[in-house]
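Protein chains in written order, with the working numbering: chain A, -4 to 293; chain B, -4 to 293.
Careful: at least some of the hints might be erroneous.
Pairs involving identical chains hold if they fit within one copy or between any two copies, as the list cannot separate such chains.
[To be verified] Derived DSS-like pairs: lysine-lysine, alpha-carbon spacing no greater than 27 Å straight-line:
id: 1; residue 1: LYS101; residue 2: LYS1
id: 2; residue 1: LYS101; residue 2: LYS170
id: 3; residue 1: LYS100; residue 2: LYS1
id: 4; residue 1: LYS170; residue 2: LYS244
id: 5; residue 1: LYS244; residue 2: LYS100
id: 6; residue 1: LYS100; residue 2: LYS257
id: 7; residue 1: LYS1; residue 2: LYS257
id: 8; residue 1: LYS42; residue 2: LYS166
id: 9; residue 1: LYS166; residue 2: LYS1
id: 10; residue 1: LYS100; residue 2: LYS42
id: 11; residue 1: LYS101; residue 2: LYS42
id: 12; residue 1: LYS101; residue 2: LYS257
id: 13; residue 1: LYS1; residue 2: LYS244
id: 14; residue 1: LYS244; residue 2: LYS101
id: 15; residue 1: LYS1; residue 2: LYS170
id: 16; residue 1: LYS100; residue 2: LYS170
Everything labelled a hint here was simulated from the structure, so no lab data went into it.
Here is what each chain is made of, one letter per residue.
Protein chains: 2
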Amino acid sequence: MNMDLKAYLAERRGLVNRALEAYLPAVRGPAFRVVQAMHYSLFAGGKRLRPILCLAAAEAVGGDPSEVLPVACALEMIHTYSLIHDDLPAMDDDDLRRGQPTCHKKFDEATAILAGDGLLTAAFQIMADAASRFEGRERDLLAVIRLIAAAAGYPGMVGGQMLDLQAEGRKVTLKELETIHRMKTGALLTASVRSGAVMAGGTRAEVTALTSYGEKFGLAFQVTDDLLDVEGEAGEMGKATGMDAQRQKATYPGVLGRQEAKEWAQRLVETAVADLQDFGPVAEPLREVARYLLVRRS
Amino acid sequence: MNMDLKAYLAERRGLVNRALEAYLPAVRGPAFRVVQAMHYSLFAGGKRLRPILCLAAAEAVGGDPSEVLPVACALEMIHTYSLIHDDLPAMDDDDLRRGQPTCHKKFDEATAILAGDGLLTAAFQIMADAASRFEGRERDLLAVIRLIAAAAGYPGMVGGQMLDLQAEGRKVTLKELETIHRMKTGALLTASVRSGAVMAGGTRAEVTALTSYGEKFGLAFQVTDDLLDVEGEAGEMGKATGMDAQRQKATYPGVLGRQEAKEWAQRLVETAVADLQDFGPVAEPLREVARYLLVRRS
């Protein structure tokens, strides 16, 4: 099958953006400043990769992607909160994100901390609020909330960021690097695919296969992200490149060498696509998105 | 009825502490540092007021308090996260909390931000994970997750902290002060009572009455908290007193005067207790805890 990935991604981004705008309108009310800051970071040009994976997984099990939008939007809010907090002076101290001032630069540090907290909390509110949409499926919804919380919290993203900070400036093994990234970025990417499949009513076998795809996708994403930091141009990335080396962050090209990192990313994408062998053309977007990791430039 | 409130509170604190220890054991694992920081702040001597209110509300509608422990513990984790983030240098910049170094003083700023994020996320994980305990009651559990998220997020606690920071150094009206505190502390206190009543299967009338009690309790709590800051002794409070004035924070004694603030707290407690008139002796703990606000010294 030969799909137009670019048009597909644009259409899905539109769908997600409209839903996000409905969930978090920039409407004046009490504490408007923190809502503004949440809105600013949420609409600062994200690729919407996690929600798109969630919608595509729903599609892959024969579901209606728009049905899982509350979960998809919650995933993007959690991702955005993590960027806001990671950018803080006490963490990675970044001034630019996607070519625009980071939240604490645009507003201030206190507002950025609160905006992150607000997005993380709103994500759970939106998912719990989707109960009416999933009548009779409440148990699945609770399972999805649980798995997303685990992926975002100390067993996942929060723990991964902690390990990443602790690894700065020292040599790490490939095994340590995998643990960091499996927790820091892999867990939420995997949860995105899995939650879409669960909420769209996928069978146990389908959910297992898609979770396996998600795990490999997550690793491949990080390897190619590290390669982009070495090879990308600041203009296309919308952020400073070469920052990992400057900060002595552990990276795959650093540990494996550039060529071997590229080959490994390739193998990961191939095995991720192989996990989808029992799925028909409905899984084509997931296949294409995985292959795109190898050629993306931002 | 003449209950021994001190013994009651000690017994309930023990129940909550044992459950919290089970939910967040200080066990070595990946990213142990952030788990240690979460554990440190969670066990830094909190009064466990929110979980105790949740358990007491369950009791007041004839339920088994221990059944609602997952929700009660989630409330304490959310409260602890909010203290960790509020204490950060970019926010209230506090070095002491309950007589011990604040999280960012004991660890560091990055770890404290992550510990707060970890506790907030763990709260939702624990609630969603309680699905197996509430079979057939999944819809109520989702409603409780939603109401707690709203109370904690930008419509509640996060928004209230934003307004509180924005109000520093300027004169606020009584109406503004009420909005700040209704959002910052009242919302989660009210949610504590309401969620206990809902999860223990309270009738609609019971839940309504207890919510009304919770709203008045929340306001009375803040008024008496402000009074303690003016009148308490640092030794008993476990933190510096007179800090509100030093920071030019808006307070009830500041806006109303000390005497009028005291009288208002008294009236709020009376009306909170009056909300419980249709409840029998099972609601005595809620009545006593409200009355205790007027005589507490920390």
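Hint by hint, here is what the structure shows:
1. LYS101 x LYS1: neither (31 Å within a copy, 49 Å between copies)
2. LYS101 x LYS170: Close neither inside one copy (37 Å) nor across copies (30 Å); limit 27 Å.
3. LYS100 x LYS1: So LYS100 and LYS1 fail the 27 Å test inside a copy (32 Å) and across (48 Å) alike.
4. LYS170 x LYS244: within (15 Å within a copy, 50 Å between copies)
5. LYS244 x LYS100: both (23 Å within a copy, 25 Å between copies)
6. LYS100 x LYS257: This pair counts as neither: shortest intra-copy Cα distance 35 Å, inter-copy 42 Å.
7. LYS1 x LYS257: within (23 Å within a copy, 65 Å between copies)
8. LYS42 x LYS166: neither (31 Å within a copy, 43 Å between copies)
9. LYS166 x LYS1: So LYS166 and LYS1 fail the 27 Å test inside a copy (39 Å) and across (54 Å) alike.
10. LYS100 x LYS42: Close inside one copy (21 Å), not across copies (37 Å); limit 27 Å.
11. LYS101 x LYS42: Result: close within a single copy only, 20 Å intra versus 38 Å inter.
12. LYS101 x LYS257: neither (36 Å within a copy, 42 Å between copies)
13. LYS1 x LYS244: neither (32 Å within a copy, 52 Å between copies)
14. LYS244 x LYS101: both (26 Å within a copy, 25 Å between copies)
15. LYS1 x LYS170: Neither way: LYS1 and LYS170 sit 35 Å apart in one copy and 52 Å across, limit 27 Å.
16. LYS100 x LYS170: Classified as neither; 35 Å inside a copy, 32 Å across copies.
Checked against the numbered hints listed earlier, the structure breaks hints 1, 2, 3, 6, 8, 9, 12, 13, 15, 16; every other hint is satisfied.
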